[in-house]
Amino acid sequence: MNNPEGLNRPEAMPAPVVAPINEVMFAAAAEGRLSVQRCVRCGAHRYPPAEGCYRCGGLDWAWSDLPGTGTVYSYTWIPDRGRDGRLYNVAVVDVDGTEGDPVRVLANVVDAWCQGEIVVGQRVEMIPVPFGDRLALPGFRRLQ
Amino acid sequence: MTERFGADAACVVGIGHSEYGGRGTLAAKGLSRLAVDAVRDACDDAGLDPADVDGFSGYCDDPTVPADLAVSLGTRELRYSGLVWGGRGSGLPGAMANAYMAVSSGMARYVVVVRSLVQQARLGQSLAAGVQPGDPLPLAASYTAPFGMVLPAAIYALKARRHMALYGTSTDHFAAVSIHARRNAATNPDARFRSEITLEEHHASRLIADPLRLLDCCMESDGAAAAVITTPERARDLRRPAVSIRAVSMTGEYKWATASFNTIDEDYASTGQRRAARDLWVRAAMGPDDVDVALIYDAFTPSVIMSLEDWGFCPIGEGGPFVAEGRIDRDGTIPVNPHGGHLAEVYLQGITHLLEGVRQLRGTACNQIAGAETALYASGVGASPGGGFVLTRM
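So the protein lines, in turn, are chains H and B. Reminder that position 118 of the first sequence reads as 106 in our numbering, one-by-one numbering, no gaps. Reminder that position 372 of the second sequence reads as 421 in our numbering, one-by-one numbering, no gaps.
Hints are computed from structural coordinates only; laboratory data are not their basis. No experiment lies behind these values; they were computed from the predicted model shown. Errors might be hidden in some of the hints.
[Claimed, not checked] A few chain B residues facing chain H, derived, Cβ under 7 Å: (1) W134; (2) V180; (3) G183; (4) L186; (5) A194; (6) A253; (7) S254; (8) L256.
[Unchecked claim] With a straight-line Cα cutoff of 25 Å, these simulated DMTMM-like cross-link-like pairs (lysine to aspartate or glutamate) come out: (9) K304(B) x E52(B); (10) K304(B) x D48(H); (11) K78(B) x D328(B); (12) K304(B) x D72(H).
Cβ coordinates follow ideal geometry from the N, Cα and C atoms, glycine included.
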């Protein structure tokens, strides 16, 4: 993937495989919306995409927009071979507004550049990281 | 799980291994030759004609095909083969379970558990489990790899960071695991890393995936190791005193399949093996207090700290201080990996821990724990189901 300017992202990572089970999520992300699967039968949200509901076994699901905010649950910093060892982060974000087990989205906090700029408990909000034709990965930026 | 488990229905009668080397150094020999060397060594140890091996049990998507091994070993009757999907050392209990079930059910007589590894692929550069740069990305990796979540170390790093935030675990605690492994390996002639390290050297080693540094990671290795499994009845006709497999569990982590970042809260800062531990202790009719030596999967240092908690050797959250206080030393409460483990002996994805367990219970280990009668193997993160097993002296 090519990275938009000004975002802390690892170089040379593969684009996701776009498939019927995830395409709407990537399209929503491009419009700044965080959309995940929600079980039609019991209402539980889930991520990453799966065929069946972990809670009730239901196979029918629909996309559901979430507020896009969340809290950093854990994170790591990794030297990027593609950028002379410059650090990027990978964060696991517990996202707001879900029903059922907590839903965590793994992504980059793209406005954090140095160790110490993320802590567990950091509040963040989703922003798009564009790829392909009108699609985007979810990214996060820090909230005060 | 209240179903009665048929304990002690199989045993280990022989162990062996090929030469060990650094990543790619044994490529010219190849996976099959290394596996054959290990199996023949294990059969020699058992006093068994390799042609009498009639079953093979593998894990970690091992490409060493039993049909090919059988030809090279002169196997006349190939009665069983089984493979456990995915994982690294986490697949070993599944391979032990398959061998256990095969011999105790009468499907086969002598089943070899074998793992052969030539690391031409770089695990440290993979894009997902088993996926190298240039390979097509599997759909399931679409929620990790595009974000740079590609290193095995990063899986442990995320869990380790959460563990630090919840319990105050520190990088000094991780260092203590590594220092401990090197100290044990210093007196193991088979070990690849026999020089001791200091806390300062650990902290100065290069960053791999914060909070983990190079000296928190095992080193990619080449080699093969094998164990011969049969029934207690057949074991009586063989050369060595057998080591009983008291019980095996391969119970998986809830929701692991949706990737490690979405397991439930109580499992996140763990190896995901608490359910496996519960099942194993019930099946073995024992608990952590009964274990004399623990062989804990240690591809990365946090695995040891979290395993000590998951298998009940210390309360949840206290694994760091437990290690730092020397409780896992050879004269500690529960000696862990007296051979140096993957961090210092060799990284062959769990199976060398099995060999060490057998040596300890035979009383032939290089760093022998006096009077050891019971050993535990505990899986690390990943490969649902993972699990563990208990070995006992017969």
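Do the hints match the structure? See the list:
1. W134: Interface hint status for W134(B): violated (18 Å vs cutoff 7 Å).
2. V180: For V180(B), the interface hint is violated, since the closest Cβ of chain H sits about 9 Å away, which is over 7 Å.
3. G183: Since chain H brings no Cβ nearer than about 10 Å to G183(B), farther than 7 Å, the hint is violated.
4. L186: holds, 5 Å
5. A194: Holds, because the Cβ-Cβ distance from A194(B) to chain H comes to roughly 5 Å (cut-off 7 Å).
6. A253: The hint is violated - A253(B) has no Cβ within 7 Å of chain H, the shortest such distance being about 15 Å.
7. S254: violated, 13 Å
8. L256: Because about 6 Å separates L256(B) from the closest Cβ in chain H, which is inside the 7 Å limit, the hint holds.
9. K304(B) x E52(B): holds, 24 Å
10. K304(B) x D48(H): holds, 19 Å
11. K78(B) x D328(B): violated, 40 Å
12. K304(B) x D72(H): violated, 36 Å
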